[in-house]
Amino acid sequence: SAVISQKPSRDICQRGTSLTIQCQVDSQVTMMFWYRQQPGQSLTLIATANQGSEATYESGFVIDKFPISRPNLTFSTLTVSNMSPEDSSIYLCSASSGAETQYFGPGTRLLVL
Amino acid sequence: RKEVEQDPGPFNVPEGATVAFNCTYSNSASQSFFWYRQDCRKEPKLLMSVYSSGNEDGRFTAQLNRASQYISLLIRDSKLSDSATYLCAVKKGGYGGSQGNLIFGKGTKLSVKP
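Here the protein sequences line up with chains A and B, keeping their order.
At position 63 of the first sequence (counting the first as 1) the number is 1339 in the working numbering, and the numbers step up by one without a gap.
At position 74 of the second sequence (counting the first as 1) the number is 171 in the working numbering, and the numbers step up by one without a gap.
It is worth saying that the hints were derived from the structure and are not from the lab.
Keep in mind that a hint or two might mislead.
As the list claims (entries may be wrong) - With a cut-off of at most 35 Å between alpha-carbon atoms, the simulated DSBU-like pairs for lysine-lysine come out as follows:
1. LYS176(B) to LYS1341(A)
2. LYS176(B) to LYS1283(A)
3. LYS142(B) to LYS99(B)
4. LYS99(B) to LYS139(B)
To be verified - Footprint (simulated), chain A over chain B, 3 or more residues, beta carbon under 8 Å:
5. 146 to 159
6. 198 to 211
Just so you know, even glycine gets a beta-carbon here, dropped at the ideal spot from N, CA and C.
Excised from the complex, chain B in its bound form (with noise of 0.2 Å):
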């Protein structure tokens, strides 16, 4: 089983439609837990923390589900621009070595229409 898996998507939605994203990770001691937006040709970019309680930035809400181990997106009121391809990203604590750093799904490409 891979550390972090996501939906294989692409998800196709028209304008205004609410999408979800869902993605679960294998290491329960996995402690930190990222959203990412990768746009076509350009380095990821940080989209939102995912809390344990929760938490929402706009049309966007990100949950964690520790005990089934996995995490969700939700976009509201899609927008063209919300185009990308977004990267769920585990990272498993601690400050030395490779315990500090991000473990990647491959992502789920989300395509907006008009």
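For reference, chain A alone in the conformation it holds in the complex (with noise of 0.2 Å):
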């Protein structure tokens, strides 16, 4: 299984102001994932991150808001833009090769205040 970090482990942001989470697997993986869990809900895919080209967002999260890179296959990053209160979630890293079953980051703590 990979080993998946993601940094910052938490953090409390002013409204306005954005946010990049880095995620780093251990080994190379074909697909990541962003995903969003806010308090006491299920995991929200929010896009898929693609080596070497845009990001593929789920209904209802855009690029301009979650810009999304993906440099190489083992590191993705994910910045939350212009953030609101609303924005306060969970945000796991996850990462997959092909059929294999996904893992995920320990998750990123966002207060925005």
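Each chain sits in its own coordinate frame; assemble them with the hints.
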């Protein structure tokens, strides 16, 4: 199984600012994903991070708000732009290779004041 | 109808009890099925994959019913350490775009009491 790390683990941010979350996998993976989990809710997929091309966003999520980079097969970033209190959530990076199961990073807890 | 739906819970059971969770999915093209466990303030961790023939791992048994589009998880002889939220996850299959990712249910909270 892949070991996934995220930075930062948590942050408190002011309204209107942006935060970039980093995700590092200890091995090359085919697929990387970004999820959001709001308090008491299940995981919602934000986008699939594609290596070398633009991310594929799910309905309700747009690139201007959540720009994503994936420069190689082990690393991705998610930026939460122009934050508002509604963006307070846990953001989780996930990775898989082909048909294998998905593994998750420890998450980034974000609080926007 | 939501893509993946689970028993609302919470389930409060005594140690040693047997507990079963069900999960239904709406997309008949779904190809892979999983149960994840999520402890409070932690990330989801894979508990087990679910195969058409059913599979067992110690006290845990998972089954898939493609005709009725549901999966189940049975926990026998519950332990205090089984207390967690159990998430059902379904993958549509394929490797490109969003087809390869997991769709999660809301989860069912299990609390095992002494």
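Numbers of unmet hints, in rising order: Hint check: 1, 5 fail, others pass.
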